[in-house]
Structures are given as structure tokens and as C-alpha cells.
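Chain by chain, the residues run as shown.
Number of protein chains: 2
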Amino acid sequence: MLKEFIPARRPEDKALNAERKALEKKLGEDQLKITAAKLPVMVVFEGWGAAGKGTVLGKVIKDIDPRFFKVKSFGPPTKEERAYPFIRRYLLDIPENGKFTFFVPYMMEEVTGDVIKGHLDEDGYQQTIDEINTMERSLHDNGTLLIKFFFHLGRKEQKRRIQKLQENADTKWRVDAEDLNENKHYHDYEKLYDRYLSETNQSYAPWVIVDAGTDKKWTELQVLRFITQSIDTALQNKGLAVPILQNRFPLVREPKLAEVSLDGKSLEDGEYRKALKKYQKKLGDLQNRIHRRGIPVIIGYEGWDAAGKGGNIKRVTEALDPRGYTVHPIAAPEPREKNRHYLWRFIEKIPQKGDIAIFDRTWYGRVMVERLEGFCSVNDWQRAYNEINEFEYDLNRWGAVIIKFWLQIDSDTQLKRFKAREADPDKQWKITDEDWRNRDKWSQYEQAVNEMIEKTSTAFAPWHILESCDKNYARVKALKIITEALEHRLAESAH
Amino acid sequence: MLKEFIPARRPEDKALNAERKALEKKLGEDQLKITAAKLPVMVVFEGWGAAGKGTVLGKVIKDIDPRFFKVKSFGPPTKEERAYPFIRRYLLDIPENGKFTFFVPYMMEEVTGDVIKGHLDEDGYQQTIDEINTMERSLHDNGTLLIKFFFHLGRKEQKRRIQKLQENADTKWRVDAEDLNENKHYHDYEKLYDRYLSETNQSYAPWVIVDAGTDKKWTELQVLRFITQSIDTALQNKGLAVPILQNRFPLVREPKLAEVSLDGKSLEDGEYRKALKKYQKKLGDLQNRIHRRGIPVIIGYEGWDAAGKGGNIKRVTEALDPRGYTVHPIAAPEPREKNRHYLWRFIEKIPQKGDIAIFDRTWYGRVMVERLEGFCSVNDWQRAYNEINEFEYDLNRWGAVIIKFWLQIDSDTQLKRFKAREADPDKQWKITDEDWRNRDKWSQYEQAVNEMIEKTSTAFAPWHILESCDKNYARVKALKIITEALEHRLAESAH
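Protein chains in written order, with this note's numbering: chain A, 3 to 497; chain P, 3 to 497.
You may find that some hints are simply not true.
Unchecked claim - Distance condition first, Cα-Cα at most 27 Å in a straight line; then the derived DSSO-like pairs of lysine-lysine: (1) A:Lys28 - P:Lys74; (2) A:Lys457 - P:Lys240; (3) P:Lys5 - A:Lys240; (4) P:Lys355 - P:Lys284; (5) P:Lys81 - P:Lys61; (6) A:Lys158 - A:Lys218; (7) P:Lys5 - A:Lys355; (8) P:Lys119 - P:Lys283; (9) P:Lys284 - A:Lys258; (10) P:Lys5 - A:Lys457; (11) P:Lys23 - A:Lys258; (12) P:Lys74 - P:Lys219; (13) P:Lys457 - A:Lys35; (14) P:Lys240 - P:Lys283; (15) A:Lys443 - A:Lys421; (16) P:Lys119 - A:Lys5; (17) A:Lys482 - A:Lys355.
The set of hints was computed from the structure by calculation and includes no laboratory data.
Whole structure, please, built from the sequences with the hints as guidance.
Right, dumping it as C-alpha cells:
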């Protein structure tokens, strides 16, 4: 892309200044429209050292109300950050609806830097590119405007600027070893940047190459032109339904809920206690091993109200060293969560390598409660199956074991348990009007769950149905599935 | 992608056969729905040699009415095909609305083959990938369903199959040098395929990796599953508006038509003849040079009715060797053209390297007559600006010089010329009721033309306005622009 870049014609000074003024004003007005339309806007500045990213950013933001934008900068990841998926720290600061985040620089610097330092081989590089593209598409499809700039300048001009900065005692500090290295090995870097740009140049998040080698005002004008154009386009697109993607993941066929037999799925107490002890012991041992090997584990619980999620989770955590796991109870999203991509609050909660995260209700709320209560559009939840499969696929490729449980009971069992809860003063808090309302929607939920399991039971993150009329049975089955999955992964990764 | 591929679980024989039968039947029914919905379907089969692509294809098509599908196979490109953009021959057989085309194999074999043979360097490879992705997205956005399969099998299994084929005199011919080579250098090929797959694995045209190493029936079932799923998804998406993309191309600002001064833009006959002679001579010489250097040239003419396109074109072709140019008069599309992507009939007409194609009216009909007459949806023409920029960008990168003319006259001049035509028995055929109807829509056309020029005058394919109240002036200006553009390109490519 860089070699074929054809810059636009720079207008004469007078025309340039007039257009700049006009577009700065427009950007200020655009900000109000963005807020009204609840459009989140990500603006990414990458490019050559000494290309003037910071200076231009300073000019561009001066007409935006500071309450509506954030500037986010990234250095090399810390050791702690490296224990999470590469992409996580870049996602933590995605803008809320109606606001801007300016990223200076963004992921390119880390990715290409890792290639140069030999931290990322070809496979790892490709996987990273895939992950970036998938996530940017998901952000776009869920309503985010992404604008990505690459500030381009030639080798000679870069050298001239570096020398000028070095000559002045006040600006000397702005030149670092990386800038010098870039200029020395310009063509190697150019190749690397070019590949990165072309592989992340997606229709939903295209790169705009900006001529940053002429003068600052011209660079600024180009940036203003593309930002304001893109905002117009995004506002025009706002509210359009996004096409559902074809499934490309290998799926595992599971029975429909109505076909799941609950009869005979029970364990009497003696057997239960024996099995519990055995599997809990095993799980404790396995936790040590996965911790040592840095394998992250994600366990998601979904199921009917009163199916016994809490008790089931408790039997799992009893076996675990508390320093190595976290249980995340998932309730309705808070405003800061509701104003971002629906997976954002879960991305925050991804475990570190070697840790276990247990989710009491999960991101599948998108295709259950949010679907049935109309908290998102039909198009939103229909798209979510694939978005979730992609999210889990990338977690799996990162190394995570993903286990998903559906706790199944029949409607009569639920009724019995609801009534028992109401009768027990210690358990009355566990039963609310909402539970009764959800119960009225049993058949709608059943349909949604069947569709969810059909479309998201992938070979890498299958659903497991836990027959839970007898809680003993369900608890032992959960422990069995977890221990088997961990053993399987440990055996695999030993090769 | 190949290394991380996790196959789905193969069902037991009985379940497998039942599902296969059911899905074959569904595919037959789907064909009727596809025809009714006018959905074009492209199915691509690529993969390892001896993976059974042909056999599985034979099974899959047997339940589709043969009038509704085509099978298209590709060998290495001929010398003539190499004189066109790489992608052209793959596009000539895209399906009509309501029909299938099965491509076995498709572009992967040529691209990876060229990399292996050293015909494609890193830059060329990236450019090719970009072109493929851009075109597949444009096909998708304009309503095509793309399903791409990669038939995957391990090295040992491939070897076993090759040996089995070789042992039998009847099947020996099916093993070629390429298959043997692939097996010998399996891991090198795997790397190459993997990169290709991951870089062309787009949300609008994803790759499905199929486990082709177990048995044919299972491979067939996987293919049937993904085809039928994808058709369901595509039918569900049918008719959704597609988001407009952000502009990422450097634009050249041009005046609005109303700001173009026509006064004084004239040449008296003596001057005209002198200039004509000079530029025609120059153009003739330049044609020889661009022909020798293999530079393709595309000249598009648009303009008001009676602005003088025909006469202008004639002054250009007078200077040219007829073996090196073609004039394409563009009328309303024929049914076979109307049933495909709107750029298809122009892709057919791209000149060979070294040739000149002159279009009397162009693909810009999409954003003028098709827009104003409602021949396409609002979303269709709004999307077209970017699609056309991408189309021209790829032609430019391939090496084409692109020159676009708008012949500008005022409404009074048009009226005068219409009346003169009606009065002249030799020219009456040139004026029709449609011309008068178009004239009534002058201000709507003016708005459309202004928008077109604003959004598609790119740095690599700018619009040139030819003031044509005086035809002498317009003809000389056209020749001047063409000769300058060719000289410029020749000078550039001499470096």
C-alpha cells in the first residue's frame, strides 16, 4: 500500500487554510451529532517516527469538547499485560457510545515490533492479524466507527526531521532509538508496515495513508477531510441492519432440550459423596498443572432459574486454590457497560494465563434475555451467534480451555423449587417477580436456548447439557467434564 | 488456519446417511428458492491433491437441475489470459442471478503456484490478495453468495491415496506431477496455503475447512451442511441495505458544473486544425510506445446528450492504429449483463496490456441513469462510488492509465443542438424522445454528476471537464490531456 500510495494534490495556502478552518468547525458540529446519534468513534494514528502524529492530534482535538474524547497511548506491554490475550488492552479503552477515543499509536507498533524482535513467528503473526480483523469487524458491525490513519513520509524527509529535532536541546528527547533504527532500516520497516497495513485494511476499518512528508497544515487538512467524511458516512449508515455472516465453524450436533431425557439421571448420596471427593481431588491436582503450564480456563454456566447453578459452581470452587480462580456473577449491565460492545465487559474478565474464570451467566445473555426482552435489535442477536463463535475461537487459539454448561430441568421441577424457596425464609431472596415472569416465557426461552446450542456448540467450545433435576448428578457430571477437558488439554499440550 | 483446524465429530454411519439424504433433498429445494430470490451462488472447491474435490462435487450437484448450475475449472492461464488482469478470467464465469457456479479449483491454485515458481514476489502477492478480497466483497455487497471450501487432508493420508490411484491403471492419470510435489513438500505447501487462506478469509466470503481425510461420505456431508446453512443465511439477508464504506482514497477537488466557465473556451478553425494535427501526431507516436511497453489505457467519456462525445472520440481514434484500440459504445445492459454485477460487462471489456479501450459512456451509468431512473436501489448507487474507486484503483495498480472525461455544455446549447438535429434529415436518428425526457431532468442530472465527480475524482483516476460549447476546443483539450497522461506514465515507468 505504501509504495503505491498516490497523494492528493495539496491546495494553495489560501484555499488550504480556508478548508481547514471550515472542517475544524464541521468537526465541532459533528461531535454534537455523534453524541446525539450515540455513535462511538475510534481514531487510530500510526505511522513513521517524526511524522507528526502528536502535533496533528493536538490540532484536531482542539475543536472537540474535552468531555467527549479520550486520548490513549500505548507503550510495550507490561509483564502482566502479556498474561492476557494480545488484543485485550487495546479493547479496554474503546469509546463509549457518543464519544471519541484517539489511539496514538495503536496495535501496529506492538505487532511489527514483536516481529522485528523475533517474538512473533509467522503463525503467531497471522493469528494476531486474524484476531485484529475479527474484532474490528465486530466493533464495526455493532456500531463503532473506526478511522485508521497511517502517517507516511519518505526516508530522506524522516532523516531531516530527526536531525532537526536532535539539534534542538528542547526537542532532543523526542527522538528515540526506535526512530533512528527505523530510519536506518527504512526499507525493512516499510515492508513490514506495508504487509501489516494491507492485511488489516478491511472494508469495515480501512487504512487511510496520509501524506505527512510535506507540511503539518496539509497533513492536518487530510486528517480532517477523512474524519469528517467518515463521520458523514457513519451517520448515514446508522441503524442499518448488518448482514448475518455464514457459519464457518465446525459444529457439534446436540439434542434439542425436549429430547434430553432427565429420567434416571440421579445419584444417591453415598455414591455422590464418593464421586465428589474423587473428582474434586483430581480437579485440585489439575489446577496446579494448568497453572504451572499457563493454560487459562473459562467455564460458563447457563441454565433455567433454580436449576442449581450456584450449588454446582460451589462444588467446583471447593476444589480450587482461591488464588487461581475468580467467579464472575453476571447481572444486568451497568451504564458504562451498556454503552459499549456487549462483549466488552466479558473481555475485561478474561482470566490470565494459568487462571480459571467461572461465569455465573455469560455473554450468551445476548441471545437469551436480550433477545427475548428486546434489549437489542433482531439483527443484533442474530449476528451474535457468529460473533460469539469468533470470540471463543480466538480465546481457544490463544490457549484457553472453554467449557459451557446448560443446566437443564423440566418446568415442574422449577415450579417445585420456586415454591420451596418462597416457603423458606432463608431462601426467599432468591426468588423474585422476575423469576416468575421469566417462567411465563418458558417456551420462548426453550426455543432461544435450542437455537443457541445449535449455532454455538462448536468443536472448540461445545455446550454440555447437565441434567439437573437431581443436583448430585449434575454436580458430578460437571466435575467429570471439567476434569476430562483439562486432562485432554494437558495431554495435547505435552506433545 | 490449517494447523488450528478442529474437525467436527463424524456421526455414526446411520445418522450420517440419514442427514446426507435430508440435506441433498434440501439442496434441491433450495435451488428453487435461489431461483425465486434471484440469488447468485458461487461455490469454490480448493484443497490438497487427491482430496476428492471432483468426486464430492459430482455428488453434490446431482440434486440440482442442470439448467441452474455451471461447473468451471481452471488450468494455468494462457499467454492471452496473462495479458489481462489476473482476476478477469475468474470473473467471466460468475453466476447469473438465481444460478450456481461451482469453481474447481479457483484462484488459490494459480496464486500459490505462481509464488512457488517465483512468478509473484511479495509485493505482487499482496496486491493480488487485495484485489481478490476487494472483488469478493463487491460481489457479496451486490448480492452474491460466496461459499469457499478447502478440502484438507494430512500428508500420510494424501500419500496413501496417491499410491492407491497410481496402482490402478484406470486412475493413474489422475495423479500429476503437482500432486507428487505437494506431497513431497507438504509442509512448505501447507504454509503457503495457510497464508493464502487466512488472508482471503473474509467475513463476506469465509473459508470453510473441510475434513477430507476420513471418508468421502463424511466430506460430502460437511459440504452439504455448509452449503445449505449458507443459503439459509443468504436468503435471510436478501434485500438488506449494505453499509456504505468510508472513503479511503485521495481525492482531487474539482469545481461544481455550475462553476465551470464556458466563456472564451473556443478555438477558431485555423488554430484548431494546427493543434489537432500536432496532438494527433503526438498521440500516434505515444500509442506505439505504450504498446511496446505493454501499458493498457482506458478512456471513459461521459457528458450531456449532444455535447459531442462521438466527434471527440473520432478525433482521438483518427490518430490511432486500429489494431491497438477498441471503442465500446455502452447502451442499456442486455439480460445476461443485467443478471450479473453491474461492473461485469466492463470487466469483459478491459483492454489487454498495450491496448487502448475507449468507452462511449461507462460504468458511471450506475450513479447517473440507474440512480435517476430507479434501476437500482438507493443503497446500490450510494455504494457504487466506492466500488468504482476500488475497481479503478486495481486497474491502476495493474498498470492502466485511466482518463475520464465529462463533456460540459449549458442547457441552451443542448436545446440548440437538439433542434438542429431534428431539422437535419441525416441526424434525426440521433435525437429521440428519451433525449427530451433526459433534458427535463437536467437539474437532477446536474446534481448526480456533481456528486459523482466529487466522490470519484481520485488521484489515480481523476475526472477532466471538457468545456464543449465549442467542439474544437473540447477536442484539442481531450487530445492534450490524453497525450500528457501517456507521456507522464511513460516517463514514470522509465525509472
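Is the hinted pair Lys457 (chain A) and Lys240 (chain P) satisfied, with a Cα-Cα distance of at most 27 Å? holds (20 Å)
Would you mind confirming whether the straight-line C-alpha gap from Lys119 (chain P) to Lys283 (chain P) stays at or under 27 Å? violated (43 Å)
Lys5 (chain P) paired with Lys355 (chain A) [C-alpha distance capped at 27 Å]: With Cα atoms ~22 Å apart, Lys5 (chain P) and Lys355 (chain A) stay inside 27 Å; holds.
Taking only the CA atoms, is the gap from Lys28 (chain A) to Lys74 (chain P) under or equal to 27 Å? violated (52 Å)
Can you confirm whether the C-alpha distance between Lys23 (chain P) and Lys258 (chain A) stays at or below 27 Å? Roughly 21 Å between the alpha carbons, so the hint for Lys23 (chain P) and Lys258 (chain A) holds.
Take a quick look at whether Lys443 (chain A) and Lys421 (chain A) sit within 27 Å of each other, Cα to Cα. Since the Cα atoms of Lys443 (chain A) and Lys421 (chain A) sit roughly 18 Å apart, the hinted pair holds (cutoff 27 Å).
Proposed proximity, Lys457 (chain A) with Lys5 (chain P) (alpha carbon, max 27 Å): holds (23 Å)
Regarding the pair Lys355 (chain P) and Lys284 (chain P), is the alpha-carbon distance no greater than 27 Å? holds (20 Å)
Given hint Lys219 (chain P) paired with Lys74 (chain P) - CA-CA distance at most 27 Å: holds (23 Å)
Taking only the CA atoms, is the gap from Lys482 (chain A) to Lys355 (chain A) under or equal to 27 Å? holds (22 Å)
Run the distance test for Lys158 (chain A) versus Lys218 (chain A): straight-line Cα separation, threshold 27 Å. holds (17 Å)
For Lys284 (chain P) and Lys258 (chain A), compute the direct alpha-carbon distance and say whether it is at most 27 Å. violated (76 Å)
The structure fails to meet hints 1, 3, 5, 8, 9 and 14 from the earlier list, while all remaining hints are met.
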